[in-house]
Amino acid sequence: MKVNATINGMKRVLDVQPDEYLVDTLRRYNYLSVRRGCDTTSCGVCTILVDDQPVPSCAYLSVRADGKTITTVEGIPKHAEKLSEHFGETGADQCGFCNSGIALSVYALQKSGKGITDETLRHYLVGHLCRCTGYQAQHQAIKKYLGDSDE
Amino acid sequence: MKIKNYHLATSLQDAYEVLTESRNNAIVAGGGWLKLSSRTIEKAVDLSDLPLDYIKETDNAVEIGSMTPLQKIVESEALMKICKGILPQAVSQIMGVSLRNLVTVGGSVVGKYGFSDVLTPLLAMNTKLVFYKQGETTLPEFLSQKGRTDDVLEKVVLPKTAGTGYFKKVAKTPLDFAVLNVAITKIDDQYRIVLGSRPSVATLSEEAMAYVNGKKSLRDEDLEHAAKLVRKNVKFGQNPRASQEYREELAYVYTKRGLKEVRDCES
Chain A
1 MKVNATINGM
11 KRVLDVQPDE
21 YLVDTLRRYN
31 YLSVRRGCDT
41 TSCGVCTILV
51 DDQPVPSCAY
61 LSVRADGKTI
71 TTVEGIPKHA
81 EKLSEHFGET
91 GADQCGFCNS
101 GIALSVYALQ
111 KSGKGITDET
121 LRHYLVGHLC
131 RCTGYQAQHQ
141 AIKKYLGDSD
151 E
Chain B
152 MKIKNYHLAT
162 SLQDAYEVLT
172 ESRNNAIVAG
182 GGWLKLSSRT
192 IEKAVDLSDL
202 PLDYIKETDN
212 AVEIGSMTPL
222 QKIVESEALM
232 KICKGILPQA
242 VSQIMGVSLR
252 NLVTVGGSVV
262 GKYGFSDVLT
272 PLLAMNTKLV
282 FYKQGETTLP
292 EFLSQKGRTD
302 DVLEKVVLPK
312 TAGTGYFKKV
322 AKTPLDFAVL
332 NVAITKIDDQ
342 YRIVLGSRPS
352 VATLSEEAMA
362 YVNGKKSLRD
372 EDLEHAAKLV
382 RKNVKFGQNP
392 RASQEYREEL
402 AYVYTKRGLK
412 EVRDCES
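The listed protein sequences derive, respectively, from chains A and B.
Its first residue numbered 1, the first sequence is counted upward by one per residue in my numbering.
Its first residue numbered 152, the second sequence is counted upward by one per residue in my numbering.
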């Protein structure tokens with residue numbers, strides 16, 4: 001089946017199966033920042049934005065992306081770089097496998113116009129598992145990044 | 152899960168017709184649990200192009216379209232006004248924002264999931280369901296029907312009654328399923344007591360409700376007695392999350408606390 005979607009600002013035509021999920025389609029089309037973690041919507045690693053809303057790409061049927069706007073980390077390079085600098089400085093990074101999903105959720109929170117408090121941030125990050133660091137340093141890094149960011 | 156063909160429904164009538172063509176056809180709602188099923192779907196009927204994604208206020212109800220993602224419930228001010236907002240409060244504790252952007256209220260209701268944190272508050276709130284063919288039915292009536300429905304859920308309707316309410320999800324981590332959940336409401340002087348994730352599907356505790364609703368005023372001893380009736384009469388079971396005995400004790404404690412909160416809230 002043919003799916004027309006705008007991915008990171010580029011119009012693409014994707015050829016997909018009826019039971020294919022976006023994590024598979026996007027990786028097949030070389031958007032390799034989209035990673036497969038648990039593959040059952042529990043870990044947050046495969047998070048992407050569809051029409052600016054974070055969704056787990058492992059459970060989003062590719063056929064449904066028709067006419068939608070998809071954002072992966074490749075589409076927000078400046079934000080991702082700045083966030084990764086803060087991650088580095090705060091020591092929040094170890095393996096980095098969960099970072100691209102987190103970056104997209106943080107970006108969506110920024111764009112949502114919701115007031116950012118410790119509580120809203122925590123609420124937004126529930127569902128992003130990190131097996132290395134224990135979240136404290138990540139929270140600090142994200143808070144610094146949000147304070148530092150003028151967008 | 153295998154899906155052989157995909158059909159984007161153009162109307163509820165169209166969805167219903169394709170769904171009922173074969174027992175192997177199925178509606179795909181949000182798709183959150185799709186992957187965990189071992190079924191083969193001959194034709195998946197997708198409702199996402201229909202105008203079923205809304206939360207609307209009418210004169211005496213709040214209507215939620217069946218394809219409304221759970222995150223919209225969390226953010227709904229209209230729903231915050233019913234029974235102290237137990238529905239948004241309960242739904243906000245279901246995994247994270249991204250999953251809630253995907254999964255829908257229709258999928259959560261029609262799936263009749265035992266672990267559901269959606270059905271428990273809905274059952275406590277006098278919820279009606281509107282199906283395409285069958286028309287209006289009540290949530291308890293729908294839950295009592297055996298097997299899978301071959302109708303298409305159009306919307307979930309909540310009467311706009313202020314009332315008061317209590318919801319408690321007992322879970323080991325914010326990401327986990329509930330070990331038990333409890334919802335208690337008081338609407339027009341009538342209490343409703345619902346136990347869910349027992350681990351089977353949510354149910355009203357008729358005995359405890361009859362007891363508290365038969366009292367003119369509730370003393371602390373009455374709350375305790377009602378909580379004992381819940382523990383004795385509601386059927387709890389065991390699964391890898393908890394034993395039957397543990398669930399019975401949780402149900403007793405949180406029913407008592409919830410009844411107290413709801414009682415004192417109005418006095």
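Calculated from the structure, these hints are not laboratory results.
Yeah, the Cβ is synthetic: ideal placement off N, Cα and C, and Gly gets one too.
Careful: at least some of the hints might be erroneous.
Stated by the list, open to error - Which residues of chain A face chain B? A partial, calculated answer using Cβ under 7 Å: (1) N4; (2) T6; (3) M10; (4) P54; (5) V55; (6) L61; (7) G67; (8) P77; (9) H79; (10) R122; (11) Y124; (12) V126.
To be verified - Pairs of lysine-lysine residues, derived as DSS-like cross-links and limited to a Cα-Cα distance of at most 27 Å, are as follows: (13) K153(B) - K68(A); (14) K111(A) - K194(B); (15) K194(B) - K297(B); (16) K232(B) - K297(B).
Evaluation of the provided hints:
1. N4: Since chain B brings no Cβ nearer than about 13 Å to N4(A), farther than 7 Å, the hint is violated.
2. T6: 17 Å, violated
3. M10: M10(A) check fails; min Cβ-Cβ to chain B is 23 Å, beyond 7 Å.
4. P54: 4 Å, holds
5. V55: Status holds, d = 5 Å.
6. L61: Since chain B brings a Cβ to about 5 Å from L61(A), closer than 7 Å, the hint holds.
7. G67: 9 Å, violated
8. P77: Violated - the Cβ of P77(A) stays beyond 7 Å from chain B, reaching only about 21 Å at its closest.
9. H79: 17 Å, violated
10. R122: Hint on R122(A): violated, closest Cβ of chain B at ~9 Å, above 7 Å.
11. Y124: 6 Å, holds
12. V126: At about 4 Å, which falls below the 7 Å cut-off, the nearest Cβ of chain B leaves the hint on V126(A) intact, so it holds.
13. K153(B) - K68(A): Status holds; Cα separation ~24 Å.
14. K111(A) - K194(B): Since the Cα atoms of K111(A) and K194(B) sit roughly 37 Å apart, the hinted pair is violated (cutoff 27 Å).
15. K194(B) - K297(B): 23 Å, holds
16. K232(B) - K297(B): This hinted pair is violated, its Cα atoms lying about 33 Å apart.
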